[in-house]
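Chemist: Two chains, each in its own frame: build the complex with the hints.
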Amino acid sequence: MKRISVDIGGTFTDCFCVWGDDYVQAKALTTHHNLAQGFNEALDQACSTLAVQRADVLAQVDSVRYATTLGTNALIERKGPQVGAIVSAGFEATIPLSRGRGYGEGLDEVAKNDLSGAIRPDPLVPQRLIRSVRERVDYGGTTLLELDEDDVRRVLRELVDAGAEALVVCLINAVENPAHELRVQEIFLEEYPAHQLGAIPMLLSHQLSGRKGEYVRSTSTIVDAFLHATMYHALSELEQNLRDNGYTQPMLVIHNSGGMAQLNSTDALQTIHSGPVAGIQASEHLAEEAGLGSVIATDMGGTSFDIGLVAAGGVKHYDFLPTIERWLVSVPMIHLVTLGAGGGSIAKYDRLHQSVAIGPESAGSDPGPAGYDRGGMAPTVTDADLLLGYLDPEQYAGGRIPLNVKRAEFAIDEAFMDHIDLEPVDVAKLIKAEADEQMANGIAKELRTRGYLPEEFTMLAYGGNGPLHCCGIAGHLGIGRVLAPPYSSVFSALGAGNMPQLHIHERSVPVILYDATSRALFDRFDGFNEIVAALETKGRADLERQGMAADAVRHRLELDMRYGNQLVTTAVVAKDTRLREVSDVLDLIELFADDFGRRFGSGSESPEAGIRITTIRVASYVEGETVEFDASLPAGEPEPATPVGERSCSFPGLDGAVATPVYDETALAPGLVVAGPGVVTTPTTTYLVEPGWRLQTGAHGAIWFLKTEGEPS
Amino acid sequence: MTPSAAVSAPLSADDQARVDKFLAETTLFLGPDPEIMRDHGMQARTAEEERLLSSGLDAYELDRVRKRIVAGLDEAFEMMEQTGAAPGAKWGDLTSAVYTASGDLAHISTGGVLAFASVLHYPVRFINKYWLKEPTVGVHDGDAFIHNDARYGNIHNTDQSMILPVFHDGELIAYVATVVHEGENGAKEPGGMPSSSESAFDDGLRMSPFKCVENNEIRRDLLTFLQNSTREPKLQYQDMKVKLYAALRIKERVLALVEEVGRDNFIASLRKSLEDVEAEARRRISELPDGTYRVNFFSDSTLRENVLLKYPCAITVSGDRLVIDWRGTAPQFLNRAFNATLGAAKCGPSQALLGFFWPDLPRGISVMNPVEVVTDPGSALDPGFDAPLGQSLQGSFMGFSGPQSLLAKLQYSCPEKHSSVMAPWFNEINTFLYGGLTQHGELVGNVCADLNGMGGGARAYRDGEASMAPFFAAMADIGEQELIEDEVPLMQLVSKKIKRDNQAFGKFRGGMGYEMAVSHRGSQLWGYATVSHGSKFPSVMGVMGGYGCCTYPLAKIKGVNVFDYLDDDPSSWDFDFERLMNEQRFTGARYSTHHMGMGYELADEGEVYLISQGSGGGYGDVLERDPELVMADLEADYISPATAREIYFLAFDEETLAVDAEATEAARAAEREARKLRGVPYADFVARWNTPEPPEHLPYYGSWGDDNAVIHATAWSTQGPARVKGPMAEIPPIYLPDPKDLAIAVLQARVAELEGSA
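Chains as they are written, first to last, in the working numbering: chain D, 1 to 713; chain A, 1001 to 1758.
Only chain A is shown next, with the shape it has when bound in the complex (with noise of 0.2 Å):
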């Protein structure tokens, strides 16, 4: 018999207290703890906050203050960028932040990964909700607390963040805290991402909150578990130390300013930077037109299959508040690594707040008070604590493009703009994660800087730039591949090329994005991984009429060494993915194209893959681009002659590249014609397009048309695939079976009937 799951009369309160005090005392484990990782807003003032706000302190001083921390900050953030081991440290992949003592994250450093300003504080409550009064843990001064596993807060379990208290006269005034994206984490494939991670206990290292650094001193013990735990235990031992030491600096500056300042002003323009940030938010939204604005927003593969997965996202802006509607989002599944936690994937909006929006607003929690995030729990957005992360980005980049669409949509209609109408920013990590044995005879796993490669969305007033930055993380780094050479055996033969015809069209054109062709040499163990989705269906859209980002595959030739044809047919090599693969010049060699999730494969020496960064969104109607623009980038071979003719209706010399004005003008009108002759009234367009569901053939997942109560899914049993519907609390859990033990089956079916056959 167990126990009853019927609700039971109350109890009377001595009766609740002993219950209670047993089930405190009787906790197996301090997991995630639900009522701090749905909590994205800031605490309330606490007493003394509000005693010391209502002093009467000078505005002015507490701003002083204000940028002295940030300039502390800041000054954490270049340590741990020129000494950061993690090549995700050298991009630019990092931060440093100051939290109050109740732990809202009040400021981060003014470069880095913008993303950590909304996520940084959970690890820091959980810290002040459990350790600090447990008497086996306790928060000293000189205490470090190490954490990556998002359950707990941050973004990806790359992350690893190092957290320490600050203590004035004996009294906790502060947290502060550094953060690197290390890579490699003892994961399931090398890199810290692993796309084909089945399960939570294949993301890698699970570090809840736990103290790691006593009397300013790292444990060794500790530190060597942890270095046995991943494939770079170097890596792990020098940012440990990095990020301590940045942090040990920003403690020394925060003392020191107290010192100056007073511990009132510190504590108080904490605080009040906060609410200020808040306030300012608050403004700007409630000069918005009122209204709810919808996107669709899809991702093509759970990155071991195709697949489609919906991300519908509404915003409602009502007065001072936003609310942010991700209900009809595809389930969760229990096997596969896109899933984002709820925290992860409010980075998204917050990103796209800070980011896009109000650009120049302080970097901090407070700027998502008044955003409002509704979710289906147990959804790819807001998945239990058991499904896997390894490569969580996935969802959290769908959580940014959704708001991001809808926000340049809002500011186009709003006379007070804080920055550019723009559209969609390309929102995929199109690199390669690496893992291996270096010329060097090092162990090493990590991901190489191109993911920072993304096109940039197009301006209501000029072309999105060419892979410029990811939409994540201003001025993050592509790098030089002359040094990444020296350190690994990857080597790209086409390294920085713009992919012909890679460009969202429109009036104005997204930013475009390069080709990249990688082969490896000199090394006994050498494999590959990459982590997208977006090689069947476009990962972002236009906007105002432009064209969304193409697609973008996964190309590999294998079973050749390039090298060898380097040296003995030099011709037979052409830096180019199109022609490489059309015209398959290496005898005996394998040519194929996949999706972008590949798991980690290893790959001999001079097997070449090749991959392509994605554009930025297009703006606008392509009739109303410049000539002038379309044959710059025909001159720069940026498009194809075919493109300037069939896309954007322009008439010219193929020689000269001369326009004719008028045969061109006459084009687009002749076009503009055609396009009303195909149009047909909406109620026609809707009774011809709309189907109660979605195809049967279609592994498809999330809601179909408008009603996002009802969630559509293909769920796998022993039986195989079947199509089911329901809110998203009765669709079954999804696993779905690994790929290869369904191209098994089907071999052996093959088999079998040749067998039978024969």
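Chain D extracted, bound-state conformation (with noise of 0.2 Å):
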């Protein structure tokens, strides 16, 4: 297999190039101004170590794939054009009202919980740029008052006069009748045809998202609207770029549902996080193909820690209604939590406890932590990690940040002294400890409340920081198996060599399994079954449209099911893609029992409330050649590591400090074990082997920590 799978983030461009059985992985700055260059710089790094031209490599690639954060930092940084919306009448506050509760969507708690602060996020659709339009359909598509099509050339007119570069039309229940949606669009058509110089594009909310809630549906609308110029030019360039230099097959792009597709089959909303679910993607695979059971992926960098969950099984787990930046929307994307904690995460005395607290304030990458000597002087996770030892002050980030020991025991002197009775090294081990018990319970609550034991899982751990805390975060959650993946400088690159065509398509249906009022169970299979088939058309037709060849399509049939009223919906894949008697309904309510059970209590399940599908969903699919890889530790016992010296480290828990072996990262050739405490320095990252743990060596550059004492089975 030869591929090529890139991730351009924004700061590194990765680069991960399979050739044969030769797998190289490349990095460059991202020019933001021309994305190619990044990309060239990368792909040219990795041609040089396998030594062959970039245009023979682009000929001879099954595929180039791209992740990119570049919708999400458009939206941070608010590129993009004035979007207008059009809205059914008596809705117009919709939009701004956002639920209420939008304020704080995308916050910390502490910023959540504090009304009197509270403030809205500037408006990606502004009131004035907000008009509607004469109509009303009702709950099960019938239409109670007509378009008024007068109403419709009004607002155009008042839209298209007051600036609006790109529009959404977002009207009431348009998911069970789309054709005022529809209508609005053929008038404007006839108003503004597309052939007209300066036009402008019109995007229906229906066709972005198939679920019911206007709110999140108007947004979904809303930020593919508003990010579709800025991500379809980019990826255009791109496009170009490998057209320019000698490769002929479709570009790829991940989508955030845990699939790809061709850049003219992709929502720029898909494309949103779909680097760090590419990560997730990686880790499932790795997870497969190594037997590594359950896991949890984290990635640890200096402002953010992120958190993926890959169960065991094949079992999905999505956010119908994730938040992106500060907007809540409807897009079925791979489970992913970002806490506000890593390495720059700002240390403080909390007065109230007389203890530790750790962020939300983050000292960024500027001036970043008060050892990075750059105007910092608030005392960071970092900060803490170099005062312990564990940071080598002359050869962090490969030496290109030089760090000043004086400067951060200065910051944790300045900012505790005054109120803990203890040496500023002793304070450093409390802020570690907390750092890595804040991380610990993020990761426990997302797994306790899906029902899962954390102890029963594999920690994955990637990221700038990850090596250096993950045995101290696996330890808070009885976790004895840390694996620092192969390639994981570039593990979402990895993860987008490894991804699928998928498209997905769903839509919101009333289907009662079990009426709880008749006590009669859901047979109208045949209307069932073509909602089904309408949707595995529309996957079919995708995947076709992108050349893949109808038979090699699959198809996974998801339903969201739900006790009675509640809120929660479960996903459940069901067995067949079609129900033809009563024991298929009992079989998907075996399922959906089986799930819940789990994942809130035994004896929990409240069948008796009846039983709903809100969502059809169908995955279509077409599968692909993925990269093999294996991270298994050699046979045989290992050998010592040789270590390059000593320092002295000191580690919560432990009074005094210890002297710890230091190695270069000629320790992390297979074979080789670091018993800890051990640090191993790379130009890349550090990883710290704390008391109690080893870390050897596998296949494809595999590090494992493994817990020593007391070690799982």
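These aren't lab readings, by the way, just hints derived from the structure by calculation. One thing to keep in mind: the hints can contain errors.
Cβ-to-Cβ under 7 Å is the rule here; a few derived chain D residues that face chain A [said to hold, decoys possible]:
(1) Ala93
(2) Lys112
(3) Arg120
(4) Asn173
(5) Ser355
(6) Leu430
(7) Lys445
(8) Thr517
(9) Arg519
(10) Gly564
(11) Leu567
(12) Phe600
(13) Ser602
Derived lysine-lysine pairs resembling DSBU-like cross-links, with alpha carbons at most 35 Å apart [as the list claims (entries may be wrong)]:
(14) A/Lys1409 with D/Lys348
(15) A/Lys1536 with A/Lys1188
(16) A/Lys1417 with D/Lys445
(17) D/Lys112 with A/Lys1536
(18) D/Lys112 with A/Lys1417
(19) D/Lys316 with D/Lys2
(20) A/Lys1409 with A/Lys1536
Since the structure is predicted, the reported quantities are computational estimates derived from the model, not experimental observations. All residues carry an ideal CB built from backbone N, CA and C; glycine is no exception.
Modeler: Here is the structure:
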């Protein structure tokens, strides 16, 4: 297999290249003005390693795949067109009011709870660019008030005159009956034809999301419209660059649903968070290949800590209403949680509890931790790591960032010494332990609310600070196996290399599987199957349009089910894609009950209250070749690695400093072992092997942290 | 002959013991216990807590334990929010809690209704006092107690709680609880908050704390009884399970934590958290300028008729103590629903402190420890146990707004601020309660999530946020209409539309509210209720010269099926409250406006009910408002040109919205001069405006002027209304006649008059 996968992040463009049996990783700075430049540089590094010309590589690979955070950045920077919205009359303030709670979406708990300081984010569509049209459709799709076409023409003119550069149409119950949205589009094309110079794109809400919920469907459409031009131009530029360099296959774009598609079959909204989602995909693939069982994927950087859940058995965890930046949207996205914790998180004295508090404020990368010597005065987790002896002041980030230990010590001293009768290094231990436990609590909550036990998971640790804190975090969770995965510095790019081509189509449906009032089980199988078939047809058409053979297309039927009027729905993967008899219904009910009971406690199931399917979802995909690798440890007794020096390190729970062997990257060769305590410093990261742990290297450069004391079987 | 009420001579010790024993054995029933219900503070340290906290336990370790406990509560909160069947559960009107073994509430979940922090401990104390050693009840591992009667604690009867004891090695070390606003509770009207409740027996289920779970299983016999007692047996069943399993999850986390950190650290952490918060609250109070600060709030309705109820509030800061004085408040009404229990009323100051003044403090009972609350027993904020409480939020909300308003002023003068200085948040639940048969044939009764659409108060530096959250629950949700329509036949024809000019004006204006027009379709039986006041007298005021909110009526269009008009004559329908009511385009329809206390009434398909959400208070002088902000509101159609001109004194071009800065400055300068001319010396003002008593025609309740010792009230007898005054204890019981009886009497008189003339 020959393949290139890329993750374009805010700072770096990561590239993973499979060239037969050779796997090569490369990294270059992201060039925001022209993404192709950064990509070419990273690809050239990989080509240089492979000793092959760029054009030869691009001519021979089966695909080039991109994951990107471009959309997220554009949202944060508010780089996009002026979007105008057309809504149903009577719903003019639905978007700005943002279900009330929109002020707090995407913020930490402290900010959410401070009503006196609450401020909604600057809107993507200001009230002055929202217009309503007279129409009304009810919940079943019946038209109660016909669309007033004169009204439509008037508001279109007003919005265009007011400077709208993109338009979205979000009419009530359009999911049930899209006729009015489609008619608005027809009128728009009559009045402002697409061939006209300065044509304005118009997006219809029912085409973005098949789910009910007028606010979240509106925000989904708005975010998509806002990002559309930016994403389209940037990715088209990349595609043209590939063409110019001899690539003839379609360029593929990673989706946050866990699949990918060609550029012309991709909504901008689907690309948001595609980088981290690709990392979770890589974790899933690694777990399957290496037989790891259930895995919790963690990415600890400077300012954030991403958590992804990969449960054994192929159980998919989606966020159906994820928050993207500050906006609640409706798109099925692979479940991903981001905590505001990282190396840059600021530590402070908690006067109330006479203790240490971490974050949510972060020193970020500018000015960064105090020890960076760039003007930061607040102590951070990285400063504590430095003071504890884990980080090499001369070799941090490959020597590019010299660290000032005294500055870090001074910052901790200033913040704590008036309050705590401890030496700075002892305070640093508290900071390290608190940071680790905070992240562990975040993981524990994620797992436990879904009915999983943390100790049954393998933890994957990637990102710049992951290998430094993973033993501490795992220790708090009772996890005894941590894997810093192969190619961890380009892990999301690696994940992009394993994505299937996949499209998801879904539709809100009022299917009552069990009616509590009449005590009847669902039997209208034809109607149900017709909806499934229609969704399959859509998915198949998407894939055929991209050159896939119709007979290669597979479908997975997922049903969002709930008891009575509960809010939570559970995605149940049906054994068959059709319902034929009552036993199929009972099978679904049992599958649902199993998952619900595991999650909320056996006995908590409430079938007596009725059972409903709220959404039918079909994932249509074509299975493709995946990158093979394994992370297993070599057979035989490992040899102790040879230290290159020794440092005095301190560890939470241990009195005094410990003479700790220091290793360079040669210690990461297969067949070696580093017993804790130990520190391995490489140009890209630091591996901290805490007392009671050992580090061993597996195939493809996989780094294992294994608990030595009380090691789980 | 009956026993003498006179004080008799002291009894001997033996006789006293025998009397006590006799009385203990002949207790008729265990009603709400004033000793419990009047004590909002935490208990003294137990001997064991004293021992542990004196033993030098590591503060950092105890803090770790605290965070783990809260993490467990948040996990349970999320479970309930996801699995709860009640609409309230879905919008966040719930909480999870952990208590010391003494029944002190130490922590509640990070999300949810904050007001629960100060009111959930009462039922646990009742369990401890009466059931722990009661042989017929007892408290055992695997038990759980259910409770909803606000006279025994919690906010109002629509909240149901599930309380579990936590044992470790046979020792009761804690309680945990889960609480959800369930809505339907079998009250006189559907939805659990009956505004027409005329006695405590109209308030629906009155569950004093009782054991409903043994060996972690809900007792089916009791469940069946409860299901029979409400309109939504499915809801009762589902959410009892939801609360039980969430509480079991907390218990599981607590026991795992105890295994990990040890029983001593767990017990000590709970107690230390309580004491830490109290110590910090005292420190912060001591930084406030000493003095007494006063404000008067008024309510304009009993929810059945228009009256004026006074809610004075005085806060006295003295050292590290804070005294809230509600004396002078209107008396309790023994056949009206707005009375709030003292415990529920105290949720107000607790909410003002933890939600707006010190939002960074952890949520628990002890923030109120330095606070003393003074009331007139028998007032609407401290009623007797026989008073109906169906819409007790009305009293509780006044208990919030007074302190919030005063704390803003205190904060302005305090150099160390922990939040923004702001005008009062809107304080009314302007929403519809509904009940009837759904299009799916189910009988339901509940409340629309629009109660969460209260406008925020203006800040010292910017406008308030439009319909954003109820003051009592951050991150509450006003929901998605499409999802609601899937469940119930209620349709919001006007769903979210900012009501023009509905703002409390000021240098920074209050957060505005939206208008709603609802109707129903596809049901054989459907009706609505509304449960607010503020239709005649603004329910919140501004600060620093800002305006108060507007008044908000209920409007109805009856005798019409609007869906027929939508189909046959679409142009007759207007998506606008004002035009619908002013232009009256539906032939034969009955148009009317009312106060916002509408008891449940049936509606025919297609009849229309209209309300709007309220604005938070304004901040500062309108003449200081940035003209560009005024123009932005005008462009968004949030205000009319008349408001821009006549309230904000702006000169501008209505076509281009360009401001004429010079003319505006001149207009504002002229208005400042006009104000001086309109002004009079204070003594003249007092002489002109002060009267010794309230106007005779006004059904007025509460103190008049500064003298809070004398209560004025319009009492009814068979002879009609009569003004009375005196100390609260001397005010006769207030029973008002049914407004329908009064209306009938007027009609009968008119009939008699007509018959006489004939």
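Chemist: It remains to establish, for every hint, whether it holds in the given structure.
Modeler: Outcome of the hint check:
1. Annotation: interface hint on D/Ala93 holds; nearest CB of chain A at approximately 4 Å, less than 7 Å.
2. Restraint check, D/Lys112 versus chain A: the minimum CB separation of about 5 Å is within 7 Å; hint holds.
3. Hint status for D/Arg120 relative to chain A: holds, with the closest Cβ pair at about 6 Å, below 7 Å.
4. Residue-level restraint check for D/Asn173 holds (minimum Cβ-Cβ distance to chain A is 6 Å; threshold 7 Å).
5. The interface hint given for D/Ser355 holds, since its Cβ lies 4 Å from the closest Cβ of chain A, which is under the 7 Å cut-off.
6. Interface hint at D/Leu430: satisfied, since its Cβ lies 6 Å from the closest Cβ of chain A, which is below the 7 Å cut-off.
7. For D/Lys445, the suggested interface contact is upheld, since its CB lies about 6 Å from the closest CB of chain A, less than 7 Å.
8. Checking D/Thr517 against chain A by beta carbon gives a least distance of about 6 Å; that is within 7 Å, so the hint holds.
9. Checking D/Arg519 against chain A by beta carbon gives a least distance of about 13 Å; that is not within 7 Å, so the hint is violated.
10. For D/Gly564, the suggested interface contact is upheld, since its CB lies about 5 Å from the closest CB of chain A, less than 7 Å.
11. For D/Leu567, the suggested interface contact is upheld, since its CB lies about 5 Å from the closest CB of chain A, less than 7 Å.
12. Evaluation of the D/Phe600 hint against chain A yields a held restraint, the C-beta minimum of about 6 Å falling below 7 Å.
13. For D/Ser602, the suggested interface contact is broken, since its CB lies about 9 Å from the closest CB of chain A, more than 7 Å.
14. With a C-alpha separation of about 30 Å, the suggested pairing of A/Lys1409 with D/Lys348 holds against the 35 Å cut-off.
15. Distance restraint check for A/Lys1536 and A/Lys1188: the Cα-Cα separation of roughly 26 Å lies within the 35 Å cut-off, and the hinted pair is therefore satisfied.
16. For the proposed pair A/Lys1417 and D/Lys445, the alpha carbon gap of about 33 Å is at most 35 Å, so the pair holds.
17. Restraint check for D/Lys112 and A/Lys1536: satisfied, since their Cα atoms lie roughly 33 Å apart, inside the 35 Å limit.
18. The straight-line distance between the Cα atoms of D/Lys112 and A/Lys1417 is roughly 18 Å, inside the 35 Å bound, and the hint therefore holds.
19. Distance hint between D/Lys316 and D/Lys2 is fulfilled; the C-alpha atoms sit about 28 Å from each other, no more than 35 Å.
20. With a C-alpha separation of about 26 Å, the suggested pairing of A/Lys1409 with A/Lys1536 holds against the 35 Å cut-off.
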